[in-house]
Amino acid sequence: MTLRKTLAGLVAGLSMTLASGALADWAPKGPLKLQIGFAAGGSTDTMGRVIAKVMKEQTGWNVIAENKTGGGGLAMFTGISKMPARGTVIGMGVNMPILVNLNKRPEQVPFDLDSFDYLGTVARAQVALVARADAPFDDLAGMIDYSKANGGIAVSFDAAPQKLLMEVVNAKEAADFRFVSTKGEAEGQKLILGGQVMAGFSAGTHVKYLDSGDFKMIAVGNNSRHSYAPNTPTINDLGYDAYVDPYFYFATTAGTDPEAKAALADALAAAIESDEVQKVVRNVASTDPLNLGAEATKAMMVDGLQNVGVLFGQ
Amino acid sequence: MVDFATMIAGFSDAFTLWNLGFVLFGVVVGQFVGAVPGIGPVMAMAIAIPFTFGMDPLAGIGFLVGVNKGGLVGGAVPAVLMNTPGTPDAAATALDGYPLSKAGKPLKATKMALFSSVTGDTFSDIVLITVSAPLAIIALKMGPIEIFALMIFTFSVLSGLIGASLIKGIIAATLGLLCGTVGADPEHYTPRLIFGQFELYDGFPLAAVAIGMLAISEILRRLAQSQGRVRPAVDLKDTGHAADRRVSWAEYWACRFTMLRGASIGTLLGAMPGIGSTAAAFMSYAATKSASDAPESFGKGNLQGIAAAESANSAVVGSNLIPLLTLGIPGSVGAALIISAFMIHGIQPGPLLFQDQGRLIYGLFGAMIMANLMNLLVGQVGLRFWIKVVAAPETMIFASALLLCIVGVSLATGGLFGVAVMLGFAGLGYLMASFGYSVVIFIIAFFLGPRFESSLGQGLVLLNGDLTGVIYHPIAMILLLCSAASLVWFLRQNQHAHED
Chain W
1 MTLRKTLAGL
11 VAGLSMTLAS
21 GALADWAPKG
31 PLKLQIGFAA
41 GGSTDTMGRV
51 IAKVMKEQTG
61 WNVIAENKTG
71 GGGLAMFTGI
81 SKMPARGTVI
91 GMGVNMPILV
101 NLNKRPEQVP
111 FDLDSFDYLG
121 TVARAQVALV
131 ARADAPFDDL
141 AGMIDYSKAN
151 GGIAVSFDAA
161 PQKLLMEVVN
171 AKEAADFRFV
181 STKGEAEGQK
191 LILGGQVMAG
201 FSAGTHVKYL
211 DSGDFKMIAV
221 GNNSRHSYAP
231 NTPTINDLGY
241 DAYVDPYFYF
251 ATTAGTDPEA
261 KAALADALAA
271 AIESDEVQKV
281 VRNVASTDPL
291 NLGAEATKAM
301 MVDGLQNVGV
311 LFGQ
Chain V
1 MVDFATMIAG
11 FSDAFTLWNL
21 GFVLFGVVVG
31 QFVGAVPGIG
41 PVMAMAIAIP
51 FTFGMDPLAG
61 IGFLVGVNKG
71 GLVGGAVPAV
81 LMNTPGTPDA
91 AATALDGYPL
101 SKAGKPLKAT
111 KMALFSSVTG
121 DTFSDIVLIT
131 VSAPLAIIAL
141 KMGPIEIFAL
151 MIFTFSVLSG
161 LIGASLIKGI
171 IAATLGLLCG
181 TVGADPEHYT
191 PRLIFGQFEL
201 YDGFPLAAVA
211 IGMLAISEIL
221 RRLAQSQGRV
231 RPAVDLKDTG
241 HAADRRVSWA
251 EYWACRFTML
261 RGASIGTLLG
271 AMPGIGSTAA
281 AFMSYAATKS
291 ASDAPESFGK
301 GNLQGIAAAE
311 SANSAVVGSN
321 LIPLLTLGIP
331 GSVGAALIIS
341 AFMIHGIQPG
351 PLLFQDQGRL
361 IYGLFGAMIM
371 ANLMNLLVGQ
381 VGLRFWIKVV
391 AAPETMIFAS
401 ALLLCIVGVS
411 LATGGLFGVA
421 VMLGFAGLGY
431 LMASFGYSVV
441 IFIIAFFLGP
451 RFESSLGQGL
461 VLLNGDLTGV
471 IYHPIAMILL
481 LCSAASLVWF
491 LRQNQHAHED
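Protein chains in written order, with this note's numbering: chain W, 1 to 314; chain V, 1 to 500.
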């Protein structure tokens, strides 16, 4: 090893030690609120509450989880964007409702992507188009043909981007899909099991029905395939230039002191790496935890806004 | 099918001292938070969920079930004793419970609520344990078109509650429906009537509206009437009769058909996700009133009215677990929280649950039955405690209740916005009650309106806009015919009442 490399290593090591020392020094003044943009009882709420509990145990900070509902995180992030940047609040939301509103009604949304400092992600929801096991088609092409031959079929969705994704297919194929809006995944699954709709979207909880043999996968809504169904193509793979990639992410007010921001991001990362959170994320969201980190989370939001534009045909 | 040995093993798991201790703890917590205005069992369950992660699944889920069930009994207490229900389903209990309390029989009224609640709950638990699979299949057949028809039927039965002035009833219902339309529309997610407030995107927060309209407006009215005098929140004048402090077997037995009807309505509605205990409580109440020989005695302290409401709203809780356990679909917020507790332990409620986790499920069934018994025992002690509490001066009781409502709504809705909504609706409730408009009708319309709208939208998509297609849905057709018959019957009754 050359002297230069040794010195460089020493400097890097020293700066990391100093940085971690600084992080250990920073603590929120008063309680740290982890605001969850969804109601109690859902997957976001469950993950958020467990992350808050683990953060509290790991850091000794007084971390309080609270639900701030309204527009899938829109109300919660509106509040956070207007707060002074003191590093005492973290918002946990899902990117898609925020991006859809930023695209569709930017003049009404009192913030933009730069209103926040991004801290990381916890997982990406596994969006799948599924059908009952006895449906007369096995893939998207078959579903389109069946729909055309039968004057259209009903497809359930519980978030606007899922409908927009299928509108992209509809526009290209004139498949005549009709869309049934449901309040939550569970209601959509009930409609599929009950035979009221032929297919529908799910964001993770379909895996148990695949295991039981009640459902089959038709296509993946994300921009990459799912680990449990590697042979099922994405809608993007099939030549429709759009996808839906919902991330559970964390952000705080823009302009937060870099030291505080780094401490918050590190504390979240450490909590997400804990066995408890890893297990809960796998159990609740049926996917592996995925923390993109602060920088990549911002890039994910910027790319996501562009993709939402594609979904809206812009 | 789960074999017999697994069932027995499951039940014996439930009866360990450790697990029973958690169920008992849950029931005590549930009854307490249910009885304290503003907080409620749902918030208690949400706070407790992360802590169940470190517990054995049966102990954790047994605790949550205890909280949920205890909350039902506790919820009736402020409704009956002070006319300040914290949830809309308890408002049905208050209709007869509060007049009975005012007549010097608070213990009788609360005991009837306790007994009928436990009876309804036990009935639906037995249905869940024995015939959940066929009921789940019926629930699956209830698609949006059938649910829409069921909502029509519900409204037609509930029209019996409108009271003397049809016009005032219609105005109250229309106002409730209008407030129910606030927020993003269910089809296209276009925001309606939110006036730039994103907090309203999901509509007015339910807890804030219910507590504001039902509890705070009553507290305001009572404080306004007190005019500085010091008097107890509930006048516990002793009638001198021991019979007024208890519910005799004869009185309980006289309500058997009412409770059976209530429990059946609650069980059926509970098995269908999303309809809920409010509709069940009021449907049962309205049906009991209509079937009674003395409908004019309702609203004046009739034990049958309490039995009808409590047996129905409690039965919903047990049968809410039918779609949850068999299909993995939660039927209410409470059930969604129980699903979360299952899922953080890596247990997926749904089609494979009985096969994979038979022992746990039968353990849960055992815990539910034990929770019902404990509800009865804890309730017997707890009711005496609450009656002592409400004997304190009303300025103290109502001021504390007001504070608790503000804290509870702030917690449940995530801040002061919910409190502002609560106070706004408290003012509306006060005005409506002062001018003779039914707050109950408003609340029912507000709660059922969004479900009615979404099933209408879904149904129209499924019928491809062709309403005549409904004839291919026999369950919906039967329900629509029943609705028509019910409305005709109601109108004739109304006509006879006016002629008399």
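Check each hint, because a few of them may be wrong.
No more than 20 Å apart at the CA atoms, straight line, and that leaves these computed lysine to aspartate or glutamate pairs for DMTMM-like [to be verified]:
| id | chain 1 | residue 1 | chain 2 | residue 2 |
| --- | --- | --- | --- | --- |
| 1 | V | K388 | V | D185 |
| 2 | W | K148 | V | D466 |
| 3 | W | K104 | V | D244 |
| 4 | W | K183 | V | E453 |
| 5 | W | K183 | V | E187 |
| 6 | V | K300 | V | D356 |
| 7 | W | K279 | V | E296 |
| 8 | W | K183 | V | D244 |
| 9 | W | K148 | W | D134 |
| 10 | V | K141 | W | D134 |
| 11 | W | K216 | W | D134 |
Simulated from the structure, these hints should not be mistaken for lab results.
These numbers were taken from a predicted model, which means no experiment stands behind them.
Which hints, by number, does the structure contradict? When the structure is compared with the hints, numbers 1, 3, 6, 7, 8 turn out to be violated.
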